[in-house]
Amino acid sequence: MTHTEEIEIPVAPPDKAKIKKLWMTALYMLLITIVEFIVAFTVPHEYKDARVWIFITMTIVKAAYIVGEFMHLRYESKVLLWSILIPTIFIIWMLTAFIYEGMAISTVR
Amino acid sequence: MSSTSAATASGRSAWDGGTSPMGASYGKLMMWFFLLSDAFTFSALLITYGLVRSAHGVYEGTVEAFTFSPEYWPIPEKVFEAIPFFHGLEAPLVFVGIMTFILIMSSVTMVLAVEAGHRMDRVAVEKWMLWTIVGGLAFLGCQAWEWSHFIHGNGLPGGGANLVHNQYGPPDFADFFFFITGFHGFHVFSGVCFNFLIYYNTVTGVYQRRGHYEMIEKVGLYWHFVDLVWVFVFTFFYLV
Numbered sequence: 006m007t008h009t010e011e012i013e014i015p016v017a018p019p020d021k022a023k024i025k026k027l028w029m030t031a032l033y034m035l036l037i038t039i040v041e042f043i044v045a046f047t048v049p050h051e052y053k054d055a056r057v058w059i060f061i062t063m064t065i066v067k068a069a070y071i072v073g074e075f076m077h078l079r080y081e082s083k084v085l086l087w088s089i090l091i092p093t094i095f096i097i098w099m100l101t102a103f104i105y106e107g108m109a110i111s112t113v114r
Numbered sequence: 106m107s108s109t110s111a112a113t114a115s116g117r118s119a120w121d122g123g124t125s126p127m128g129a130s131y132g133k134l135m136m137w138f139f140l141l142s143d144a145f146t147f148s149a150l151l152i153t154y155g156l157v158r159s160a161h162g163v164y165e166g167t168v169e170a171f172t173f174s175p176e177y178w179p180i181p182e183k184v185f186e187a188i189p190f191f192h193g194l195e196a197p198l199v200f201v202g203i204m205t206f207i208l209i210m211s212s213v214t215m216v217l218a219v220e221a222g223h224r225m226d227r228v229a230v231e232k233w234m235l236w237t238i239v240g241g242l243a244f245l246g247c248q249a250w251e252w253s254h255f256i257h258g259n260g261l262p263g264g265g266a267n268l269v270h271n272q273y274g275p276p277d278f279a280d281f282f283f284f285i286t287g288f289h290g291f292h293v294f295s296g297v298c299f300n301f302l303i304y305y306n307t308v309t310g311v312y313q314r315r316g317h318y319e320m321i322e323k324v325g326l327y328w329h330f331v332d333l334v335w336v337f338v339f340t341f342f343y344l345v
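Residue numbers (the numbering used here), protein chains in the order written: chain A, 6 to 114; chain B, 106 to 345.
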């Protein structure tokens, strides 16, 4: 094999603060998951609604960490941020409509 | 946006051409919009799960006295309670917890690879990409075990699950398990393939010659999205 010519681009030193922030984000997500487990086994199933709302809130917090920090959306331009976030309204509408519909089906049965 | 307005001549907006108003390359933007459409697909699956589940009967008794029946939707922690190598041990949701941990960790290693790419640090990109691939493969292995356990069940006649019959509850429950975790698992699989591709390109110096590691960033977005979907699957399929 011939030795191909490599362009030497200087390697920048690691950004310690940024890397630490990424690890902290992961730590928060793991802690939230652990709390979810604790809730799953300590809050009795009789409090169904409370359990569901706790889980949904924690899921949204985790999702915000992934999209905001890992996918870097928080630091992108505002136009990009809103073009991704605004269309998710349709998901929320679909969720509301389908759950409502599902409850109606169970009453009819 | 002072940076974009400074680059455009007076009287012209950032949208008149010649600049990137969103401050992202074409490839990155298209990855974002693809992921948005993929988010719709996954929401459709999960929301349909919610619809069908709320249309089924609800178990009324205590958790301790719970038994599987096609009459009502099962309590997930009673279905997913096994872990490999500990046969007969009841460890509800522990294995899913391990899978969640693996996927979150591989998301961190991915974002560290992206960070190393920004610094043109080829060795660090290689290291973190390799860890990400290992994480992805570990997750797929766990899922293969989970599926196999779900399909075989307790091994008794009528035990286990397929698309028309299952020991855990209504047939719809098994159908959604296969479709939702299967669709997610296929995303993980293709993600591992992409990760391997960019790892290969890093090792062979493709991105070094190109002068930037943006490809790591684009595939990274996809990989984080897979993690994001799992967070929702975990909540709506295993916890609620």
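Derived by calculation from the structure, the hints in this document are not laboratory data.
Note that beta-carbon positions come from the ideal geometry of N, C-alpha and C, so glycine has one too.
Any given hint might turn out to be false.
[What the hints assert, rightly or not] Heads up, incomplete: computed chain B residues facing chain A, CB under 10 Å, no partners named:
| hint | residue |
| --- | --- |
| 1 | Gly-325 |
| 2 | Leu-333 |
| 3 | Thr-340 |
[Stated by the list, open to error] Distance condition first, Cα-Cα at most 25 Å in a straight line; then the derived SDA-like pairs of lysine to any residue:
| hint | chain 1 | residue 1 | chain 2 | residue 2 |
| --- | --- | --- | --- | --- |
| 4 | B | Lys-183 | A | Leu-90 |
| 5 | B | Lys-232 | A | Leu-86 |
| 6 | B | Lys-133 | B | Leu-268 |
| 7 | A | Lys-83 | B | Leu-141 |
| 8 | A | Lys-25 | B | Leu-141 |
| 9 | B | Lys-133 | A | Lys-53 |
| 10 | A | Lys-53 | B | Gly-155 |
| 11 | A | Lys-83 | B | Glu-319 |
| 12 | B | Lys-232 | B | Ala-243 |
| 13 | A | Lys-26 | A | Val-66 |
Here is what the structure says about each hint:
1. Gly-325: holds (8 Å)
2. Leu-333: It holds, given that the least Cβ distance between B:Leu-333 and chain A is near 5 Å, below 10 Å.
3. Thr-340: Interface hint status for B:Thr-340: holds (4 Å vs cutoff 10 Å).
4. B:Lys-183 to A:Leu-90: violated (36 Å)
5. B:Lys-232 to A:Leu-86: Judged against 25 Å, a Cα distance of about 31 Å means the pair is violated.
6. B:Lys-133 to B:Leu-268: violated (38 Å)
7. A:Lys-83 to B:Leu-141: holds (16 Å)
8. A:Lys-25 to B:Leu-141: Violated: A:Lys-25 and B:Leu-141 sit about 29 Å apart, past 25 Å.
9. B:Lys-133 to A:Lys-53: Since the Cα atoms of B:Lys-133 and A:Lys-53 sit roughly 41 Å apart, the hinted pair is violated (cutoff 25 Å).
10. A:Lys-53 to B:Gly-155: holds (15 Å)
11. A:Lys-83 to B:Glu-319: holds (21 Å)
12. B:Lys-232 to B:Ala-243: holds (17 Å)
13. A:Lys-26 to A:Val-66: Answer holds: A:Lys-26 to A:Val-66 is near 16 Å, not above 25 Å.
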